[in-house]
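Asker: So the chains spell out like this:
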Amino acid sequence: MKSGIKYTGIPSEEELRASPGAPSRERLEQGPVAFIECVQDIPCNPCEEACPFGAITVGEPITNLPELHGDKCTGCGVCIAQCPGLAIFKVHLHYTETTSLVEFPYEYYPLPRKGDRVPCGDRQGKYVADGRVVSVKNAKAHDGTAVVGVEVPKACYLEVRTICRKEWSRHG
Amino acid sequence: MAENRETIYICRCEEVTREEIEQAIRDGATTIAGVKKRTHAGMGLCQGRTCRKLIANMLACSRDPANILPSTFRPPVRTVRIDEIAQGDEE
Amino acid sequence: MRVEKHPILGDDRRKRDAAIIVDGDRVEAITGEPIAAALLAAGIRKFRVTPRFGSPRGLFCGIGRCTDCVMTVDGRPNVRTCVTPVKDGMVVETQAGLGAWADES
Amino acid sequence: MKMTQVAVIGAGPAGLAAAIEVARAGGLVTVIDENARPGGQLFKQIHKFFGSREHRAGVRGFHIGEQLLAETERLGVEVLLDSPVYALFPDRTVGYVHGGREIFLKAEKIVIAAGAAENPLAFPGSTLPGVMGAGAAQTMINVHRVLPGKKVLMIGSGNVGLIVAYQLMQAGADVAALIEAATQIGGYGVHAAKIRRAGVPIHLSHTVKRALGKDHVESVEIVALDSHWQPVAGSEKILGVDTVCVAVGLTPLTELAWLMGCEFAFVPGLGGHVPKHDLNMETTVPGVFIAGDISGVEEASTAMEEGRLAGTACAEALGLLDGQKALELKTVIRERMNALRTGPFGEGRRRAKECLIGLSLEGQA
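Protein chains in written order, with this note's numbering: chain A, 5 to 176; chain B, 42 to 132; chain C, 75 to 179; chain D, 113 to 477.
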C-alpha cells in the first residue's frame with residue numbers, strides 16, 4: 005500500500021522529515037516546540053499571524069508550506085487552535101525524566117478534564133499508551149477548538165496525537 | 042454482469058431502473074429528452090432534478106459528454122404549487 | 075436522536091414547544107424546524123412508500139429538490155418534509171404512492 | 113410589478129456578497145431566496161475556513177454567514193425569503209412565488225447565484241431510507257441538530273465527504289469507514305488526517321456494492337475495485353451501518369441561466385455545463401451575471417469573491433461607480449480570488465476558470 009497523506013490521510017515519516025514545519029531533533033531536545041504537520045500546498049496562512057514571535061512563516065503565495073523557525077519558537081502553543089486544518093501540535097520531549105508532553109487540538113464532546121487518565125492514540129487513532137491530562141485550554145479566541153495537553157511515556161512523543169475517544173468514553 | 046440482477050433505480054420518482062434506461066439508449070435515445078420520452082425518467086415529482094446527471098453519465102458512455110445537454114428547461118424550474126402561479130401577480 | 079451537546083455549537087437550548095401527530099402518534103417537535111428533522115429526532119426514517127413498487131423512502135437531498143421525503147401533511151399530499159416547517163398540531167401521514175387529498179376520499 | 117436595480121437570486125455566500133457590493137455603492141438591490149433562512153450552505157459549515165485574513169481564514173463558516181447577514185442588514189438590503197424563483201424572462205423580469213402567490217420583479221441587472229446540488233449515486237439499495245446526500249446529513253446535524261443515524265458509511269473523499277464525516281462524529285455519530293473509488297484522497301490531507309486520528313479507515317479503490325435493509329439501511333456491502341474500475345471478486349465486506357452518506361461531487365444549478373438563453377461551456381473541472389462568463393462575471397446575455405457554484409463548483413471563499421466581483425460590476429454598469437474606482441475594487445477582489453486558486457488543489461480550478469473565461473471572450477470577439 006502506498007504511504008503518504010494522499011493515500012492514507014496520514015503524513016508519512018518522509019513527508020514529515022521533508023516538511024519545513026517539523027522541528028529538528030536538536031530543537032526537540034531543547035524544550036517545548038510546535039510541530040506543524042502541514043505537508044500539502046493549500047492556500048492557508050493563519051498560523052503565520054498566530055505566532056507572536058514570528059516563528060512561523062508562510063509568505064507569498066499563501067500555498068507555501070509553513071516554515072517553523074525553531075530558534076524563535078517558545079513552545080507557547082497559541083498556534084495550535086488557530087490552524088483551520090488542526091494540523092499543529094506541541095511536543096515537550098523532556099517534560100520529566102520519564103515522560104513527554106504532547107498538546108493537540110480537540111473538537112469533540114465531552115472534553116476531558118485536567119487530571120483525567122485517557123487512552124492516547126496515534127495518527128490513525130490507534131491506542132499507543134495511557135496519558136494524564138495536564139491542561140485543557142479552551143479560550144473564547146479558540147472558538148471551540150480546545151487544546152488538550154497529555155503527559156505520556158517518553159517513548160511515544162512522536163506518535164501520540166489524540167485521545168482514543170471511543171475507548172475513553174466507554175470507560176466513562 | 043451479476044450486479045445488474047439487482048435493481049438499481051436511476052429515476053427515483055418514476056422508479057425507472059438502470060436496465061430500462063440502457064434499453065432506451067439501445068433503442069436509439071441519444072439525449073436526456075429521448076430517454077425521458079421512452080422511459081418517463083425525469084417526469085416525476087422532482088422533474089428530473091435528481092436523475093438528470095445520472096442519465097447524462099450513462100449517455101456519456103457512448104457520446105461526448107460535452108454534447109449531452111440537459112433537456113429543455115421551462116418554467117417553473119423550482120418546485121412550486123400550480124395554484125400559486127395560476128393566481129397571478131396581483132400587486 | 076437530537077444533538078443536545080456539541081463541542082462547537084454548544085448546548086441546544088430550544089424548547090420542544092410543539093407536537094405533531096405522525097400516523098396517529100404524538101411526536102415532540104420544535105416550531106419552525108423541518109418536519110423531517112422532527113421525524114428523524116423521533117427515530118422515524120420511512121416517510122412514504124413508492125407508487126410503482128411500494129418501496130420505502132425517506133430523507134435524501136435535504137434541500138427540497140429530490141421530493142423523496144414527501145408526506146401527506148394536514149390532508150395535503152406531496153409535501154416536502156425537509157423544507158416544510160413544523161407547526162404545533164400538524165397531522166403528518168406516511169404517504170402511499172402519490173397520496174390522496176383529504177377531501178378526495 | 114415590483115422594481116429594483118439589481119435582483120440577486122440566491123442568498124448564499126455569493127449572492128449576499130454581490131448584494132453587499134451593490135448596496136455599498138448606493139444601489140437598490142433585492143435578494144430572493146427559496147429557503148426560510150438566508151446564508152445558503154454557510155450555516156451548516158461549522159469548520160474553520162482556509163485562506164488568509166482577508167478571506168476570513170480561521171473563522172467558522174456559520175460565523176461568516178452571521179457577518180454577511182449583519183452587513184446586509186446594516187446596508188438595508190432587501191432579502192426576500194421563502195420565495196422560489198421559478199422563471200426569468202428576457203426583459204429581466206424575475207418570477208417568484210411568495211406567500212402562495214406569484215410575484216414579478218423587474219430588474220435592470222440580474223445576478224444568478226443559485227448554487228449547486230449534490231450528485232446522486234445509484235446502486236442497489238440507494239433508494240432506502242438512510243441513504244442520503246452528505247450535505248443533507250450535514251444540514252440535519254449542524255443546522256437542525258438531529259442525527260440522521262448512529263453509524264455511517266461515507267462515500268467520497270473530496271472535502272465534503274471528509275468534512276461531513278468529521279462533523280458527524282462531532283455530533284455524536286460513529287463513522288464506520290470512508291470509501292473512495294479513486295486511487296487517492298480527493299480533498300485536503302488535513303481534513304483526512306482529522307478523521308484518521310479519530311480512527312476512521314479510508315478505503316481507496318472501493319465502491320459500494322449495495323445497501324441492505326427492509327425499511328431502512330441495516331448494513332452495506334463494499335467492494336474493492338481493480339485498476340480498470342471493476343469489482344474484485346471476493347473482496348466484498350459487509351459493514352453494519354444505518355446510514356450511507358453520498359459525497360460524490362456537485363453540479364451547478366443552472367436552470368435559470370438556460371432559461372435566460374445564456375451560452376454554456378462544458379468544463380468537467382467545474383462540474384459540467386456552466387454558463388460562459390467574462391472577467392466581470394457577466395454571461396453572454398448582457399445584464400445577467402453569475403457568481404458562486406453556478407459558475408463552476410468551488411468553495412464558499414471563492415463564491416464570496418465572485419459575488420463581490422459581480423456586485424461591483426453591476427454597480428459600475430449602473431453608473432454607481434466610476435470606471436477608475438470600479439477597476440480598483442475589482443483588481444483587489446481578483447487578487448484575493450487568485451490567491452485561493454493556487455497550489456495543487458486550486459490550480460486545476462484556476463485553469464478551468466481561465467478556459468471558461470477564454471471561451472466566453474472568444475465568443476464575444
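For the record, the hints were derived by calculation from the structure and aren't laboratory data. A couple of the hints might just be wrong.
Said to hold, decoys possible - Label-pair ranges, simulated between beta-carbon atoms:
hint : chain 1 : residue 1 : chain 2 : residue 2 : range
1    : C       : THR105    : B       : ALA127    : 25 to 33 Å
2    : D       : GLU447    : C       : ILE95     : 52 to 60 Å
3    : B       : PRO106    : A       : ASP75     : 49 to 57 Å
4    : D       : GLU333    : C       : ARG88     : 45 to 53 Å
5    : D       : GLU333    : C       : MET75     : 49 to 57 Å
Said to hold, decoys possible - Derived DMTMM-like pairs: lysine to aspartate or glutamate, alpha-carbon spacing no greater than 25 Å straight-line:
hint : chain 1 : residue 1 : chain 2 : residue 2
6    : A       : LYS118    : A       : GLU64
7    : D       : LYS321    : B       : ASP124
8    : D       : LYS262    : B       : ASP105
9    : A       : LYS76     : A       : GLU30
10   : D       : LYS263    : C       : ASP148
11   : D       : LYS437    : C       : GLU167
12   : C       : LYS79     : A       : GLU64
13   : D       : LYS263    : C       : ASP162
14   : A       : LYS144    : D       : GLU348
15   : C       : LYS79     : D       : ASP286
16   : C       : LYS120    : C       : GLU167
17   : A       : LYS170    : D       : ASP286
18   : D       : LYS326    : B       : GLU60
19   : D       : LYS263    : A       : ASP126
20   : C       : LYS89     : C       : GLU167
21   : C       : LYS79     : C       : GLU102
22   : A       : LYS10     : D       : ASP203
23   : D       : LYS218    : D       : GLU190
24   : D       : LYS114    : B       : ASP124
25   : A       : LYS144    : C       : GLU102
26   : A       : LYS141    : C       : GLU167
27   : C       : LYS89     : D       : GLU333
28   : D       : LYS263    : C       : GLU107
29   : B       : LYS78     : B       : GLU61
30   : D       : LYS262    : C       : ASP148
31   : C       : LYS120    : D       : GLU459
32   : A       : LYS76     : A       : ASP120
33   : C       : LYS79     : D       : GLU348
34   : D       : LYS321    : B       : GLU47
35   : A       : LYS10     : D       : ASP390
36   : C       : LYS120    : B       : ASP124
37   : C       : LYS120    : D       : GLU333
38   : A       : LYS144    : A       : GLU163
39   : D       : LYS263    : C       : ASP91
40   : A       : LYS144    : D       : GLU178
C-beta atoms are modelled at their ideal positions from N, C-alpha and C, and glycine is treated no differently.
Asker: Hints numbered earlier in the text: which of these fail when held up against the supplied structure?
Answerer: 4, 5, 6, 7, 8, 10, 11, 12, 13, 14, 22, 25, 26, 27, 30, 31, 32, 33, 35, 36, 38, 39
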